[in-house]
Every structure is written in C-alpha cells, then in structure tokens.
Amino acid sequence: MTVLFYVLVSDGTPLAIALVIAGAWALIPAGRRRVSRLVVRPVTGGSPSVAASGVILGAAALIMAFSAPIQFALSRSGLVASPAFEYTWWEYAPVLLLACAALAVTLLVLTLGRRKPEVPVPPLAPRSWRTYLDFRQLRIPGVALAGVILLVAFAGSISSQDDEGRYRWLVVESGGENRAATTFFGWAYGLPVLAGCVVLGVLAFCVLSANAARPFQRPESVPADEGSRRAISLRTIWVVSGALLLTLGRSVSRVAGSALMTTSNSGHSWGTDIAALAPWLSWVAGFLTVTAYILLLLVVGTTRFRPAPPLRVEEAQAESDPARR
Amino acid sequence: MAGYSSEQIADHYRGLILAGRVGAGDRLPTVRQIARDLDVALGTAAKAYKSLEGEGFIVSRGAAGTRVAERPSVLPGPLIVQLREAVIAAQACGTSRSHAIHAFQSMWDETAGSTAAQQQSAPG
Numbered sequence: 000m001t002v003l004f005y006v007l008v009s010d011g012t013p014l015a016i017a018l019v020i021a022g023a024w025a026l027i028p029a030g031r032r033r034v035s036r037l038v039v040r041p042v043t044g045g046s047p048s049v050a051a052s053g054v055i056l057g058a059a060a061l062i063m064a065f066s067a068p069i070q071f072a073l074s075r076s077g078l079v080a081s082p083a084f085e086y087t088w089w090e091y092a093p094v095l096l097l098a099c100a101a102l103a104v105t106l107l108v109l110t111l112g113r114r115k116p117e118v119p120v121p122p123l124a125p126r127s128w129r130t131y132l133d134f135r136q137l138r139i140p141g142v143a144l145a146g147v148i149l150l151v152a153f154a155g156s157i158s159s160q161d162d163e164g165r166y167r168w169l170v171v172e173s174g175g176e177n178r179a180a181t182t183f184f185g186w187a188y189g190l191p192v193l194a195g196c197v198v199l200g201v202l203a204f205c206v207l208s209a210n211a212a213r214p215f216q217r218p219e220s221v222p223a224d225e226g227s228r229r230a231i232s233l234r235t236i237w238v239v240s241g242a243l244l245l246t247l248g249r250s251v252s253r254v255a256g257s258a259l260m261t262t263s264n265s266g267h268s269w270g271t272d273i274a275a276l277a278p279w280l281s282w283v284a285g286f287l288t289v290t291a292y293i294l295l296l297l298v299v300g301t302t303r304f305r306p307a308p309p310l311r312v313e314e315a316q317a318e319s320d321p322a323r324r
Numbered sequence: 000m001a002g003y004s005s006e007q008i009a010d011h012y013r014g015l016i017l018a019g020r021v022g023a024g025d026r027l028p029t030v031r032q033i034a035r036d037l038d039v040a041l042g043t044a045a046k047a048y049k050s051l052e053g054e055g056f057i058v059s060r061g062a063a064g065t066r067v068a069e070r071p072s073v074l075p076g077p078l079i080v081q082l083r084e085a086v087i088a089a090q091a092c093g094t095s096r097s098h099a100i101h102a103f104q105s106m107w108d109e110t111a112g113s114t115a116a117q118q119q120s121a122p123g
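So the protein sequences, as listed, match chains Y and P. Position 200 (the first sequence) corresponds to 199 in numbering that gives the first Met the number 0; numbering is contiguous. Position 42 (the second sequence) corresponds to 41 in numbering that gives the first Met the number 0; numbering is contiguous.
For reference, chain P alone in the conformation it holds in the complex:
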C-alpha cells in the first residue's frame, strides 16, 4: 500500500465506519501509527483524518485521541447485513474485488437512472 493517497486512506476508514466495523466513540489509530503502518508521510495521514472530520465521521479530542463520532452517518443495519452477504457470495464465486465493485457501480447507476426516469414520467 506504499504510495497510498490521503483519499484512499480516508476511503478505508470511511468504509470501516459505514460497515459498522468500528462503532460510535471507538478510538481510531493515531496519525503517526497510520503513517508508520502504511508507509506514508504524516501529512498524508493527517489530511485523511481531516477530511473524515470535515464529513462528521470522526472527532479529534487532542490528547484523548481520535474517535468515531457519536452519530456517524452509518448505513442502516439491514443494509450492512445484505451487503456483507453479497460480499461473501461474491468471494465464494471467486469474483474479484474490482469486478464486484464495477458491477455494483453499474447497477447503482442503472437503478438511479431508471428511478429518475420514473419520477420524470410520473403525472403531476
């Protein structure tokens, strides 16, 4: 993961919070630890945390460290369960991570497009 960008690091922790792998109030690794473990500059890790803080996912409490916000905008529980089942099923079929993500994005765009079309054609 050498050369990871701050966006990729933020994506990773955003994903962990959305999937409920870290809960509200849980302590997150320090910026220094992330920089050391991922072999990135301190500034890169700090930028990732700053962006997550701006989105309201995490809060920095000085010496008390960085924690997941009390009310992060996590996905609904049933949706997390279904997504996890879909991931397990994809792995069982031998589907690659990138293929599964592409298929998900394609379905998302297709569904979003048809929903918008239905709203436009609806009377009133």
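Only chain Y is shown next, with the shape it has when bound in the complex:
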C-alpha cells in the first residue's frame, strides 16, 4: 500500500483539484502577491517564537490537508475503531481537534517565547486581537461557523436515537413495524463538533491577542515586526477556516450519503425525507472541501520549514516602504 493509494481512495479528488487551483493561484502575480502576506519574516534580534509559530501553523495545515488518508490508513491498520459500528464522539471532529492542538501550541510558544524589548517602543494606541487583522478576513470563518451551526441544528432535529439512546441514526419508516436505520450526523456527533468550534474560536482569539500583545524589540524593526504579526494572524485565520470548512464539508457529505438510504417492503420502496437534497448536498460538500484544502495548502506552501536568515532592519524598512509594494 502506498501513500498515493490512501490519498486516492480517501479524499483524493478534492485534494487534487485544490492542489491545481492553489498552484495556479500562486503562479499568477496577483495571487502570489496576496499569498506572500502569509509568509512570516522574523527580523534580526527578534524572538524565535515568531518563526516557530509560522512553522507550527504550517505543519498543522499539512496534517489537516492529509487527514483523510491518514485516518483511512489508521482505520485499515486497526489502530482506530471503525466508526461504522462503534460510537466515537470525535468521529467528525478530528480536524477541529488537530487545529485546537496547533493553536494551543502556538499560543504557548508566543506567550513563553516573549522577549523583553531591547529598546522599548512606547505604544501609541491599544493593540487587541483585531489590530493585525482585516475584518474582511473573518468572513470565511464566520460563514463556515454559521454553516456548522445550521447543519448541526438541521441534522440533529431529524436524527433518531440508537439502542443506547444516542441521537446518531437516520430512520426510514416503511409502514407497519418495519424500519431501516443508518448512522447519521445527529446530536451525538453534532454537539461535540459545536463544542470543538467553540474551543477553536476561543483559542484563535487567544492566539491573535497574544500575537498583538508582544512588545516591539526596537523602533526601527516596528514595520517589519508588524508585517510578521499580520502574517501570523492571517495564517491563524486560514487554519481555523480550513478546519471549519473541512469539518463542515465532511459532515455535509455524510448527511448526503445517509439521505440516499432506501428500504423496501411488500414491493414498495421508501426513501428518506431529505433524499431530494442529496445531490445538492454532495456538490456543496465538494465545494467546501476543495475550498478548505486550498486555504490549507496555501498555508503549507508559504511555510518556511527550514530557518531562513532573519531580515536585517534595513531590509525590513525597505520591505515596509509603500513605494516598493
């Protein structure tokens, strides 16, 4: 079994489409300019936690992008229980949990790696979690979160209890005492996903706040340091967006799969109430998954896994000169 096999049999097609789009986006000048905002460029004498934060978020994005083949390989090896038979509360939330872990480590690195300023810079205005973030950048995670809430409420409301009282089945009644059931994204799976979203949101807020609160090292390095703060903020938002969209995409895909269930009795066949929605849901799931992969792959592609020489103050000043941008 090769890695390629696992990729192809799991989420291979959306990942391949996302790779092509992300690659093309990074090739055109306008796209490259936008993507370059994700690159973390620490300045000489700055804290190593800045570069480390960029790498942690990049590594997390890489694992999240390949989480489907990894999960598939783990389930085939028997290390993880097959979700079709056993209830595992985290079945739809591994990407969210991974993103939470990455943000927790980033927060720790940014907080513990804080350096005292060499030449203190008196602040002119308050800095908060929003300081290095364009408000428009919150649209994608905002829409994704709204989608997750709506899906959990919708799927939860039509789910049914299993033998142990957990809402994780979709039941098709076929008259009389006959009924068929399949595993479904009910409350038993949706509520843990929502809890994961809340934890992810809180951690993202803490990372953005810790990133903004770091003291500047020297007055000359302020423009470059602000650039690296913007990059870390944007990477954080894209990792959060990727996690939310990927979770939403996979959940919608499973709902679409369950919606196609049918059962027959006495020559008649019955389907689910949401069967008509299944094709639309499949397309929506594909779109969400591809978008998530694009964001994550662009974060991976702009990660400097090998330590690059930090920017000297003169270079940093030249880069921050608006005439050169």
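Hints listed in this document are in silico derivations from the structure and should not be mistaken for laboratory results. Hints are not guaranteed to be accurate.
Said to hold, decoys possible - Calculated Cβ distances over 10 angstroms to all of chain Y for the following chain P residues:
{"id": "1", "residue": "GLU6"}
{"id": "2", "residue": "ILE8"}
{"id": "3", "residue": "ASP38"}
{"id": "4", "residue": "GLU69"}
Claimed, not checked - Only some residues are given here: those of chain P computed to face chain Y with a beta carbon under 8 angstroms:
{"id": "5", "residue": "VAL21"}
{"id": "6", "residue": "GLN32"}
{"id": "7", "residue": "GLY64"}
Cβ atoms here follow ideal geometry from the backbone N, Cα and C, with glycine treated the same way.
Got chain Y; can you put chain P on it based on the hints?
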C-alpha cells in the same frame, strides 16, 4: 527604555497629547500594554496614567479603556506647526535632541526673564 519612571511615561503621553498626535476622545494603550511594551511594573504605568488623569489630560472609563479627555489643554494649532518645523530644522542640521531641548529651555528662561523685567519697569 528599561527603568523608565512614571514621570517619564507621563511626559511622553503628555507630549503626544500636547502635540496633537492623539486627539480628544482617542483611546490610549492599556496600563498592562504600556507595562509590557516598556518593560516596567504595572504600578509604574498606572501611576503615570493617574498623574495624567489628575492633570485633566486623560479620562479612565473602566471597561471602555482610557481615552484622551474631550478638552485636553493642548497647544494652539499654529504653535504646534511652528514647533514641528523647528524640530524638523534641528534634525536637518544634525542637532541632537538634548541640545535642542537645552537651547529651548534657555530661550524660554531668557524670554520669560526679559518679559518680567519689562512688566516691572513699566509705569503704573
């Protein structure tokens, strides 16, 4: 700026307000942020804000943060322009900050002295 006193911090923000770099109603950094950025104790930064509040330059509004007072006793606009031009001219000549401040203080004392003498010698 490690070891900055509360007076120096208050001087800095007083200067920013007087020079119009922060306007009436503008939000100022939190005490915690100033302490972190300037590497001073929280109490030192809080003392600086308290003294500025006492002078009527700033107002603390609890959760809404600290803001520049609505009517801080700022310098007149034309004077700010002239002072800024003088600072730019001094920097262009390569004059150091401390030399420029000493010269300013000396001129201030000299002018204040001559004005007082004129008032004393004036009839009535």
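For each hint, the structure was consulted:
{"no.": "1", "hint": "GLU6", "result": "holds (14 angstroms)"}
{"no.": "2", "hint": "ILE8", "result": "violated (8 angstroms)"}
{"no.": "3", "hint": "ASP38", "result": "violated (5 angstroms)"}
{"no.": "4", "hint": "GLU69", "result": "holds (18 angstroms)"}
{"no.": "5", "hint": "VAL21", "result": "holds (7 angstroms)"}
{"no.": "6", "hint": "GLN32", "result": "holds (6 angstroms)"}
{"no.": "7", "hint": "GLY64", "result": "holds (6 angstroms)"}
Of the numbered hints given earlier, the model fails hints 2 and 3; all others are met.
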